[in-house]
Structures are given as C-alpha cells and as structure tokens.
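Q: Using the hints, position chain B against chain A.
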Amino acid sequence: MPPLLLPRKVPLTASVLGLGSSLLLGFVTFRANRLAAGEAIRLLQTGPCGGPVLMAAWIILATTSILKIPERWVNFTLGLLPGALVPTALKVAGGQAERTALASGDIARVSLGAAFWVSLFAAAVIMLDAWHTGGLRRKLTLFSATLGIAVTVYLMVSGEMSHLSILREFINRRERFTGELMAHLALSSSAVGMAVLLGLPLGILAHRKARLRGGAFFVLNTLQTVPSLALFGILIPLLAALTSRFPVLGEAGIQGIGTAPALIALTVYSLLPVARNTFAGFSSVDPAAVDAGRGMGMTGSQLLVRVEFPIASPIILNGIRVALVQAIGLTAVAALIGAGGFGVFIFQGLGQAATDLVLLGAIPTNLIAAAADALLNGLIGVANPRGLR
Amino acid sequence: MIELSCVTKRYGGVTAVEELTVTVADGEFAVLIGPSGCGKSTTLRMVNRLVPLTSGTIRVDGTDVGSRAPEQLRREMGYVIQSVGLFPHMTVAGNIAVVPSLLKWPRQRTEARVDELLDLFGLDPSSYRDKYPRQLSGGEAQRVGVARALAADPSILLMDEPFGALDPITRETLQTEFSRIQRELGKTIVFVTHDIDEAIRLADRIVILREGRLIQHDTPEKILTHPANRFVLEFIGSDRALKRLSRMKTSDHMRPTASVKVMDSLAGAGAIVMRNGFAWVTCGEGVVRGRLDGQTLTGGAATAGEAMIPVNRGLEVIPADASLREALSRMVQRGLRNAPVADEKGRLVGEISLEDILEA
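Quick note, the sequences are listed as chains A and B, same order.
The opening residue of the first sequence carries number 1 in the numbering used here; numbering runs sequentially from there.
The opening residue of the second sequence carries number 1 in the numbering used here; numbering runs sequentially from there.
Worth double-checking, as some hints may not be accurate.
Said to hold, decoys possible - Which bits of chain B does chain A cover? Going by a derived footprint, with three or more residues having C-beta under 8 angstroms, they are:
hint	stretch
1	67 to 74
2	78 to 89
3	95 to 106
Calculated directly from the structure, the hints in this document are not laboratory data.
Think of the CB as a built atom: it goes at the ideal place given N, C-alpha and C, for glycine as much as any other residue.
With the rest of the complex left out, here is chain A:
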C-alpha cells in the first residue's frame, strides 16, 4: 500500500499552532469597562457560526499539510485559505464585540486575544512559506493576500469593527492619530535626511583618508551602543544649558525637551548605518576602475558621479534602509521627551494599563517601518546597476 502521509513541515506546524491556540487560548478578551480585568473568550464560545468556520479552516489546512494528495489541491488550499482566514478572523472578533456592546452597554470592551494574534502569525507563516515555494502557490498567495488586505481595510474603514476596543481607542483619538502620524513621519524622515547629509560625506572621507577611519567609526559605534532613553536623557540638560546660555537658540524654538533633542539623537543613531555603508560601498569599487578613470582624464567629481557613486549606490541605499527602519522604531521612544509620534499612544497606554491604546501606537509604527523597508528595497532594485547583478 502506498504511504498516505506526506508531511509538509512548515504549513503543518503553523496550522497545528493555529488550531491549538484557537482551541485553548482566548480569541477575544472581554472587559466590563476599559480598565477592568479581562476575561478570555475562546473561539468556540464566540458567536453563532464564525468560530466553527475558522476551526474548519485550520483543520483543512492541517490535513492538507499532512496528507499525500495531488499537488494542485495543496497549492489551492495553502495558497488561498490563509489569505481568506485573516479578514474572517477579524470579522468574527468584530461581530463578538458588537454583540457584547448590545448586551452589556457601551462601556464594555472587547479586544483581540492571544488566539487571534497566534492565528494571524500562523497564517503569515503559511503565506511566507508559500511565497518561497513559488509557482502556482506563490501566485495564489499573492492574490489571496491582496484580497485579504483589501477586505481587512474595508472592514476597518466601514465601521463594522468599530466596537473592537482598539478601534474605539482610535475613534476617540482620531484627530490626534493623524497628528501623531505626521509627527512620527516627519521626525524619523528628517533625522534620516540629516544623517544622509552628514553620513555620505563622512563615509566618503573615511574611504579616502585611512587615518580618519578608525576614529570616526569608533565614535559612531560607541554612540550606537548608548541606550536611546539615556541619550535622550543626556540631551535634555545639555540643550537646556545651551539655550539658557544662548537665548537666540531658545527664540529659534530649541528646548531641552521636544523635537530638538529627539532629532539630534535620532540623527546620531542613523549616522552609523549611513556612514558605514557609504564607506563599504565606496570600498567595493575596484581600485583599477578608479585608476583607469583618472588615467582617462576624469576629474575627481566626474569619477565620483559617474563611477564610484553608481557602483556604491545599492550598498548606500541599504544603509539608508536600515537607518530609516531603525529611526521609525526609535521615534516611538522619543515621545517620552515630548517629541510626539506614535510613542505618545504607547506610553499613555502603558500608563493606563490599556493594552489596546499601546497597540494603537505600536501597530502603525510597525506598519510604517515595514512600508519604509519595502519602499527602500524597491529603490535598491531599481538603482542596482545591471552590470553588477
């Protein structure tokens, strides 16, 4: 008899994880009011049909991952189901929140529970695995993920989910949210902008002047190891002293707390990846190419623009990508010294023990970091000269 089993390890592990968490952990958390202790509600305890549908999806995924069945079926199941699963899970949670609101009044809160997040993670793992498998499964995953994201966005915007605690927090702070988004983007991108303006010349200089190299990178490396909170802390008295000494600075809006110390600290952190990658990029240029260029009569700036920079650009852009992702994350901490950004929600939420408010700050921070990462990766793909690929 031919074997019946053909375990596909990654999707199998992920779907067992999804199934197990849905059975054992709370899918949503119920609170009588915003600050009350939570009570876990498992998937099968939720509403009329959503729970069983999700359970069935996990069971189908698990059996598909282990049985020896035609590859075509596997591709369709593993490619399409996870993308559909995510908005469905959200819809189930949102429905439960709505029913709770009707039953227990508007102060009761329903937030997303452990099983929801584990399911989201498991679905993402299956999608990533499908992406690396390639072929039909990759195409189907791309299709279902795109559709899943579109439906998720629709659910968020349409108000169907508005009874979920995290969206309640959002609705209460809608105006503030846009403001902090702008502050967050402005702060992190201007810090990286400054780091590029300073780091590019610094990296080029480090490449040209060996004597400068050791010192410059020693300082930058050391600064990188200073904890961000400590650096913000150090800058407060420093800037305060400066402004009291030179009132002009105070008139220009520079204070011990607020944007100025945040911008300085974030620029300092962004400087190392930019300068280090600029140095590495320029060092990757074959010295023979530089010699040939000089020997053919290129001026220093022509050599820089036509030869060194194009060859170094993918490595430099990669440094900017690292700096940007890091700065977006660190900007959240800058809220502590009054610089604004999504950190405001995170620290408010921490202070009030309101997890959903923390998430309202943390999730968008992660999303813009991922978006910046993807954007820069795309740019690197475009900038990478064909001859070097």
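A: Coordinates of chain B only, in the frame set by chain A:
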C-alpha cells in the same frame, strides 16, 4: 614625440626614478622594461601626470606636461592597465565611450566610433556592444580596455603591462593582434612590461631600467647583439641568439630554389635533381606537394609526382611570414637541413636551410 629629461621621482627617502633622459619618437613603440621596482610604471605614470615629478621635465610634442591641466592632458593619451579597470556598471559601448563623452562628442559620432573599434578588435559590435564587463573573458576584457584607450584617437598610448594578467595563449594572440593594429594606426606607444620576450616581439626600441636608472636604450636587435653590461646580458637570458631570431622574418633570409611540376617526367626532373641534389615538387598553381632527391629517382616511377616524398611524410613547409626562430624550431623538430618556404596560399616562394639561419 615624448621627451623625458633628467626626470627624478623620490618617495620620501627612496628614489624610484633617477635622472632619466629618454626620447620616444613619433610613431615609435617604446618598451620600458626591468625587474620589479625598477621605476618603469612610475615613469609611465609621470607622463600623464598620475604621479607628480620630483624634478626634471617631460615634454610631449614640445610642451611641458607640467604646464597642462592634468585632465586635459590625459584625455589626449590612451591609458591601459594590467587589471583593465573596466567600469562594471557600464556596457562595453559605455566603457569605450568614456573619453568621447568627456570630450562631449555628439552621440552619433561616438556610436560610430565604438562600432569601428569593436570591429578593429574582432569583436562583433552587435553582440558585444551591450554586454557588461562581467560577461567578458579576460582576453575580451583587455581588447575592450585597449579599444577604450583608443576611443578618442589619441596620438599617444600609455600601456602598463596590458597583457600581463592573461594566460600565455591569449597573451600571444593579443600581442599579434595588437602588432597588426599598431602597424595600421602608427601610434606613439610607451609600453611597460617585465616580459623580455614580449618586449623583443613588440618594441621598436627598448628602455632597460634598473633601480630607477637607465641601463640601455636601443633597438631589440642591438640589445640582443650588444648588451651594455652583465645585467642586461643576464636579463635577456642565455637564449638571446634565439630571441634575436624571433625578430627576423623567414622571407628576408630565404633563397630562390629549383622546382619541378608534379606531372613532369622523371627523366626531365632528374636532370634538375642531379644538378641541385634535390628539387621541390609543386602542382599547377605552385603549391608545394613534395620533394624529389637522388634516392627517389631509382624507383621506376614515370612522373615526379609518383616518385616524390609527399609533404605529409616528414616534410615541413615554412610560412614566409614566420620568424626564423619558428622556422628553426620546426626544422630541428623534424631533423631537416632545409625546408620549402610558402606564401599564405601555400605557393612555393623559396627555401631556407640551417646554414641560412646560422648566417642570419
């Protein structure tokens, strides 16, 4: 014309080039040679001001290079280096077009020039124009490197061990090819190498340097026959006689010879063989087919063609443009005292003997 007078280069306390005075005439192929550290590359790089002089002057066509803007000067001289240094992010066409673009040539002129140069180096423009350097073999890359140096048609070419990194077979192919191109273009060339065979093969004049000083500056023939001192003698090696032969062409040293036709009767041919000791046998168009000598006459054959020793049995036909060194090598290998010399179509033009080579 390139004139170096009393050129000195010091790095700190180390003297790389000392009081060097050398003139390279227009259209001359000058080879700078010497052991490593003798200052040959430094000398080359002082001509286009990549290395500044400590003292002395270098004049190109009468103008002191020190008075010229270095970038302008370099655009008027081709520059080729051992490691080629093609720009990896540019296509072959883009690489060749570097100097024309610095000189702001119109696009059409540049494109036409790129194709012309690729043709000159035997690289089909339609398939090589858009390739990237990483897609080229070592030999192809250096062809592109030399083409790039020639792009703006400079009258001077500076070459720093251009073929040094290639395998022996590719190196020889490129040397031959480059000699041919140089015969067409007649550039003034300063060429650095540490390979004496390469120098003897290519040079009109050789400059031998040692520890930054000029030891001997002469034609290859003179250097081989009259080495200035023990150092030169050792540098050119114990086979200098053979090296001298490699500069000589068989066609310049062959002598006229007697031949008979394949269809000639043995009786008629015999008379010539008796007079000369042997005779070459050719067919209608004069292509060498074999050899007739005293012993072959006795076999009872009717024509020269039937009686001869055919070419493919122990006979060596020497191409007229082969060097005497090659002719000698072929004859010694087959144990022959003489051999027919033929043109590129295989037609008999003369004969060469060991005695002729010894007297050369």
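Q: At a Cβ distance under 8 angstroms, does chain A reach at least three residues of the stretch 95 to 106 of chain B?
A: Result for this restraint: holds, n = 3.
Q: For the stretch 78 to 89 of chain B, count the residues whose Cβ lies under 8 angstroms from any Cβ of chain A; is that count three or more?
A: holds (count 9)
Q: Mind taking a look at whether chain A covers the stretch 67 to 74 of chain B? Criterion is 3 or more residues with CB to CB distance under 8 angstroms.
A: holds (count 5)
The earlier numbered hints are all upheld by this structure, with none contradicted.
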